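Engineer: Residues per chain, in single letters:
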Amino acid sequence: MTLLSALLRRTALGVATLFVVSVLIFIGTSILPGDVANIILGQMATPESLAALRAKLGLDEPAHIRYLIWLTDLLSGDLGFSKAGAGTGTVGTPISEMLTPRLINTIRLGGAVAIVAVPFAVTIGLLAAMYPGTRLDRFVTFTTLGLISVPEFLVATLLVLVIAVQLGWLPATAYISGQETGWKLVRALAMPALTLVIVASSQIMRMTRATVLNVMSSPYIEMAILKGVPRRRIILRHALLNAIGPIANVIALNLAYLVSGVVVVETIFAYPGLAKLMIDAVQTRDLPLVQACAMIFCATYIVLIFIADMVSILSNPRLRHPK
Amino acid sequence: MAETKTSFEELPDAPPRRRLRLSWTGKLGVVVVAFWMVIVVIGPSISPYHEADILDEALFIVPGSDNPYPETDYQPPSAVAWLGTDYLGRDTLSRTLFGARTTIGISLASTLLAYLVGVTLGIAAAVGGPVLDSSLSRLNDAILSIPSIMLALVIIAAIGSTIPILIVLTGLIYASTVFRIARSLGLDVKVSDFVEAARVRGEGLWWIITREILPNVAMPMATDFGLRFVYVILFISSLSFLGLGVQPPQSDWGSMVRESLSGLPYGSIAPLVPAMAIATLTIAINLIVDDVSAHSGGRLAGRMI
Amino acid sequence: MKDILKFQQMYRDGKMGRRDFMAALGALGVGATAAAGLLTSAKSLAATPQKGGTARYANNLHGPDDQMDPMVFTSGIDYTRGRATYNGLIQMRDGMVLAPELAEEWSANADATEYTFKIRKGVEFHDGSALTAEDVAWTMTRHIGEESPSTAKALLAAITEWKVVDSHTVKAMLSSPDSDLPAKLTEKQMKIVKMGTEDFRKGNGTGPFVLESFEPGVRSTHVRNPNYWREGANFEALEITGITDPLARANALIAGDVDLINQVNAKSIALVDSSETARVISTPTSAYTGICILKNTAPGENDDFVKAMQYIQDRDRIVRSILKGHGTVGNDHPVGPAFGPDHCSELPIREFDPDKAKFHLDKSGVTAAELFVAPVRLGIEEICLLMQANLKKIGFDLTIRKVPSDGYWGAVWMKEPMNVVSWNMRPTANAQLAIQFAPHGNWNDTFWHNDRMGELLQAQLAETDEAKRHAMLCEMQTLVHNGSGMVIPAHVNEVDGASNKIQGIPTVPFGALGAYEWIEFAWMEA
Amino acid sequence: MAPLIEVDRLVIDARADSGVMTPIVKDVSFGIERGEVVALIGESGSGKTTIALSALGYTKPGLEFTSGEVRLEGRDVITMPPEEKRDLRGQRVAYLAQSAAATFNPALTIGEQVTESPVLHGQMSREEAERRAEELYRALELPDPDRLGQRYPHQVSGGQLQRLMAAMALCGKPDLLILDEPTTALDVTTQIEVLKAFKAVIRQEGAAALYVTHDLSVVAQIADRIVVLYAGDVLEHGNADQVINRPSHEYTRRLMAAVRPPPAAGQGDDALEEHLREHPALAVRDVSAGYGRQMDGSVAVTVLRDVTISVQRGHTMGIIGESGCGKSTLARVMSGLLPASEGAILLDGQQLEPDLRRRDRDQLRRVQFVFQMADVALNPRQRIGGILGRPLEFYFGLRGRERRQRVAELLEMVELPTEFADRYPEELSGGQKQRVNLARALAASPEVLLCDEVISALDTIVGANVIELLKRLRQRSGVSFVFISHDLSTVASFADEIVVLYAGRVVEQGPTDRVLSPPYHPYTRLLIASVPELRIGWLEETMESQVAQAGIDRVVTMTEVGCSFFDRCPLAIEGVCNRETPPVRHLPGGHAVECHRSEAEFLEGIQAA
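Residue numbers (the numbering used here), protein chains in the order written: chain A, 1 to 323; chain F, 1 to 305; chain G, 1 to 526; chain C, 1 to 609.
These are computed hints drawn from the structure, not numbers from a lab.
Do not rely on the hints blindly, as some may be mistaken.
To be verified - Across the chosen pairs, the derived CB separations fall in these ranges:
(1) 142(A) <-> 394(G): 42 to 50 Å
(2) 142(A) <-> 84(C): 32 to 40 Å
(3) 314(A) <-> 125(C): 42 to 50 Å
(4) 61(G) <-> 314(A): 42 to 50 Å
(5) 94(A) <-> 394(G): 39 to 47 Å
(6) 129(F) <-> 65(A): 30 to 38 Å
(7) 65(A) <-> 213(G): 32 to 40 Å
(8) 108(F) <-> 233(A): 40 to 48 Å
(9) 108(F) <-> 143(A): 25 to 33 Å
(10) 185(A) <-> 394(G): 57 to 65 Å
These figures come from a predicted structure and were not determined experimentally.
No residue lacks a Cβ here, since even glycine has one placed at the ideal position from N, Cα and C.
Starting from the given sequences, assemble the full structure and let the hints guide the process.
Structural biologist: Structure below.
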């Protein structure tokens, strides 16, 4: 299979997955109690006012018709409108307009975490694999395990208490207006990023260590030892190249998590990212918004996994140069 | 010919089966896990109070006087409550002991369910032909790509949050990761000669899956089971963070941390005790898993110079 | 309430010492912390407001459903933005005094069935157009009718028509007398918008701040309205955002990331109070959270069961321990002491009595019950857990089903036999009683339909004699106390937080930080 | 002069997890002079690899040096500090492993791996090392030496990789080469080429070598001296001529006896009396098959083309060819594991469905498949009793005591103790597992047994014993065998008829006697000539022959037109063989050859050689 046909195949599979996700999300959200009209009117709803508002919002169509409308709009590049901010007015916020700043924020945070966590975690993981069973390895193992085992929200709260409240070094929340640059931006991102670096790098570290150690039982590693290749080169040249595939996969999964799964951290630091937006959208039954977020998460996941696969292919000459 | 046979027997192919031997960290892991398993069984019966008990204000007397403390929440450790009280004035120790059963029970049941579903479908996808495989894989990709918290949020909002629902939900969410592993292991085993031997014999799918494939993917899956179990505990605790966890007044460790998080600024240990419980259990499981996987890989690392 | 304002003024003018002030408020039933808050705000009355600064406010609830359409405002962040952007006809000031806002003056006919409002002249919307009676009539007509989605329409149910008399006069025609109408018009939903508005996101109002940016669920920014019709706000700009997590919100205030927050939860009060940068602002209100037991189905149809649930409430402990003193004991009816003379202080408080509870429980024969709990207001979950623990001691197992708050009002409330509810403080005691207990009303959430109650509600609105009004209110409170399926263990204070730099926060009890009036009247120390 | 390396009373123990030490190498001593090739010979478990690795100061994980010394020019390598060991490895002592495919790092270029050691040790600059590598590629007769270094291991053939490993070992000009079974995994045709290259290069470089193998025929070609090992003990030690021609130890004699004589006419067992049946037990008619089944039923890669063979009842049909010729595919097609895309398979005259899923249970029972690797063909999670009992239950509905009894009988039939029923496969030796594998097939009381390379993974003696067992079983049961092997000697000693496959086509078939005596198809001749003989000097003689030089070690490629063997064939006719499909020539005695050349020309060709 050539690279191009692989690319086409993967794209087709990705689109298929997106389609399945959109159906799942639609079914899932349609079994939720209440709709956006219920949420807007809340406690003060009456059957009459609900009916009137639903008619106004176009919610009185049957579910499958609404899905088809959404799908056709999507295919023509229109994500639709959120009911956000519109009240009973006829003008809602275009979803793309709501998503863009959130997406930028998410990418900023995820990017900041990735830039720090990935090189750090891979390095430490390699060091641990280089000297397995030593004190360094034990220390890394225990620390990463300890950090993995603590719920994110506890890590985040402890950090806030110590760094923001007690020491006052950094702001306790990370809500940003989008205009911050340079040092201000770094300060705003620091606390949530630090929390996520701790969470993400522990996992990457462990997987790096495990994968490299797994490769370490291959005959070609023994051959390298018998050729008198020093430890550092065995790990960095012989083992790492063969472990890159699985490591890339773990990194991709962690990055996908940084985009879609960090709702706890976004909540604690009041960081306006995508994950919190989707939770909010579900809670307010803003279905076009839920769908849009789901599409972004799903696409991110697919793209990241695809990139990880490409990295595996590029690091593996057998896949890169088929005979 | 007969004599020579006796004097030069065929040498065994491999040294006798290597038995799993734990390092000291692995042993420590076993001890800790065993400890918690004992607590699961006897915890509620040795606990000083019931998990739902809100301790009477009269119990807390200011030393050297007859005056009660004005508060019963976030009390420091004392003779009344050895590990202090939580945000409602409940005994942290009792709730931790009761919580062991809930936390470990739910997580274990969820993980088992995830395995039941994930392995069944994963193996079915591996052996069941391309149509089944690709439809299951697409569905699985779809589920994996939806953030699990968000899935949980929708389902719990739709049908409520009882313990059985929590177990089924978590089980299904984690089944998708198990599916991936089971499928790839299944694909490996499927092409092995002993499975072909069964196929040539004319064995049906059920036999091939249950007798030929499953026993052989059991070991690699077992190590993954430990890790998955840990993730499930943490996942349920993040659900608690969003208020979607077990029903009060039942205690599970994740919810306990969450509920009493507000005690941290006052130096209360109420959120730290259950956090420590989670940490000790998950670290212990991982230490055992590490030993099991070290058993199979990385043996050459020690020979590097 | 008027008394409090009076004491505050006396304190400000130096006619009263700090100790006396605290004692006086204590006599009025105001807790020490709350009194300290009032003291601070009294202090601020002393100084001259300073102009300038950007006030950053963080609200607890926020999301994609954040609105700029006043008619469907439901959360504090909406009310806050609404107060900044729009004006109402009449406003509520400290001491629950009604004050003219866009209506310069108003008058009612003798039987309170027709009201005339003189609209202020020379008021401009942010888009430069002039405010006319047409705008007022259009806005207010939106609240009328069965199909109106207005979340405040219950208050205006008596109004049949809004008439434009001339360019700056409107009339409200009522089907039945309502002497409380002016107070009801102070509600947060009654803000005046431009006639024919389609895009509410622009926030085209007459208010003290012009909406500069609005990202629902994230933040909005507002700048001072230079063309405001009166002197206007002290702040130069506002930044309104949301921080959902209570601890994070408190931390943000303490760390100085924001200047004002709403909803300081019980566990964070001491944290904020002990900080050097911020303080807690606690205002007694009649808002309450409680348990609805449906009277039209088991187990609530059994009066003894309801009694048992009422007697098992350890009200003192709830106020002391769960609310940390920032509340008042409730008496299973909705009119709390914050309503001042309208509160029926003659009615004895139903004390915590496990024996009586057990007696009624045994008599009822009910052996199991399920209570649906959603975090509709801070503290409700703890109240239910305490109740459950106390019931356990008398041998009754109450099952608690915790459900998410989204969708709660549509799926659980008024449907499950036992559920929790939260009601904000209404502008008048009558409105407070009517919303929940008018027979066959839309929101009669315990399905307790009492004919006498209906008569009294109508009659009290037409009554002008103070003593008779009070007697009627008291009778209604007693009826609810004894007959309805409502368990109201406590009225909760409005507990918010502000940076020590922020001064002059009003004490209106109908919402956060002086019912959002801080926007125009508070100021920031340079 | 002191020997280059001296193994002195070496003891190596395996440390069990319980801490108990089990000796693997027991007090072994020998030495190697400069320029000398010493062979360590023994079967699995004899400790030969362990001893060889000790020359690098290395043991496999789980093993420990207990006592004794290994001195390289007087310096003990076991106790050397790590830095010195590192300098030693690759530079002074180099190692060639059994499977080059596994020991080349798949992610690095060949060039980098070949030159790595001398560059790292600072012996040469990168450019020098690359020049040296290129010289070695040429010396080892590797194709395209200029660009070989930039390729990756998976891009070259197994035989080339094995020679590249020699290049890797030799690049740093080591004093001592350790060769660990370097040709065992190769086809015979490839093996002689590699052997020749090794021998030439060792001589040219003047290095000493320690050659580890279980194959006496190979040893005979390359070793100056031989050390015979059994279970960690040296049983015999002497120069090659003496050990091979006048073995003193009984074990050595047994090893010699197990070596199968080179294939020649008259080897096949006496033909059994014809069973009076109209139909052959199993017949394959015009079968084509391949992989990558497409929508229209054709296949993307054709592996078998127009194969027609028939196995007579009670007869043994040997199928032979190099790896990639399609012999295993043929077995899979017959069993139905791989449905044929065209043609028919007839069992006792009755046509079988191509796909085994459509065959009925009795049809499945009558054709049984014995897999190549007993290691992986037996489910490691089932006991032997279960493995053997399942077909009994499945085909005959046997249960309980009856089943147990039959399992015991089967175990006896394959000459294993009945207690083995309670063991797991991994508790058995390789030969024992292969017997169980066989017993499982016999449990079905089949009419045809398809044996796919059943002894190629076994040590010489063990393999010989299994062949003996098969012969006895055949006599007793009257089962027809299809015996697939790349080892012509084995097939010759066992089969009644031989089918020679090349690139998916039958190039020659007939009774064993006929096929193994002239006239041969040129390919059959190449195969026969490549089987090493237990005779010093055989390698040189063979390499001089034209047949070998022309055809050895080329990858089997299937051509669309003409004869696939064209580019390896010494008798190829340009313009004919590469254009037209060769005709089938029927020779007397049921012997058929597919070739453009006539019978007379075959004979001529032989004389020319």
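Engineer: Confirm or reject each hint.
Structural biologist: Results of checking the hints against the structure:
At roughly 49 Å, the beta carbons of residue 142(A) and residue 394(G) sit within the given window of 42 to 50 Å. Take residue 142(A) and residue 84(C): their Cβ atoms lie about 35 Å apart, and the range 32 to 40 Å holds. With their beta carbons about 29 Å apart, residue 314(A) and residue 125(C) fall outside the hinted range of 42 to 50 Å. Here the CB-CB span from residue 61(G) to residue 314(A) is close to 48 Å, well matched to the stated 42 to 50 Å.
Between residue 94(A) and residue 394(G) the Cβ separation comes to about 58 Å, which falls outside the hinted range of 39 to 47 Å. Residue 129(F) and residue 65(A) have their C-beta atoms about 35 Å apart, which keeps the hinted 30 to 38 Å range intact. Distance hint check for residue 65(A) and residue 213(G): the Cβ-Cβ separation is about 35 Å, which falls inside the suggested range of 32 to 40 Å. Distance hint check for residue 108(F) and residue 233(A): the Cβ-Cβ separation is about 44 Å, which falls inside the suggested range of 40 to 48 Å.
Under the hint 25 to 33 Å, the C-beta atoms of residue 108(F) and residue 143(A), about 26 Å apart, fit the expected range. At roughly 58 Å, the beta carbons of residue 185(A) and residue 394(G) sit within the given window of 57 to 65 Å.
Hints 3, 5 from the earlier list are contradicted by this structure; the remaining hints agree with it.
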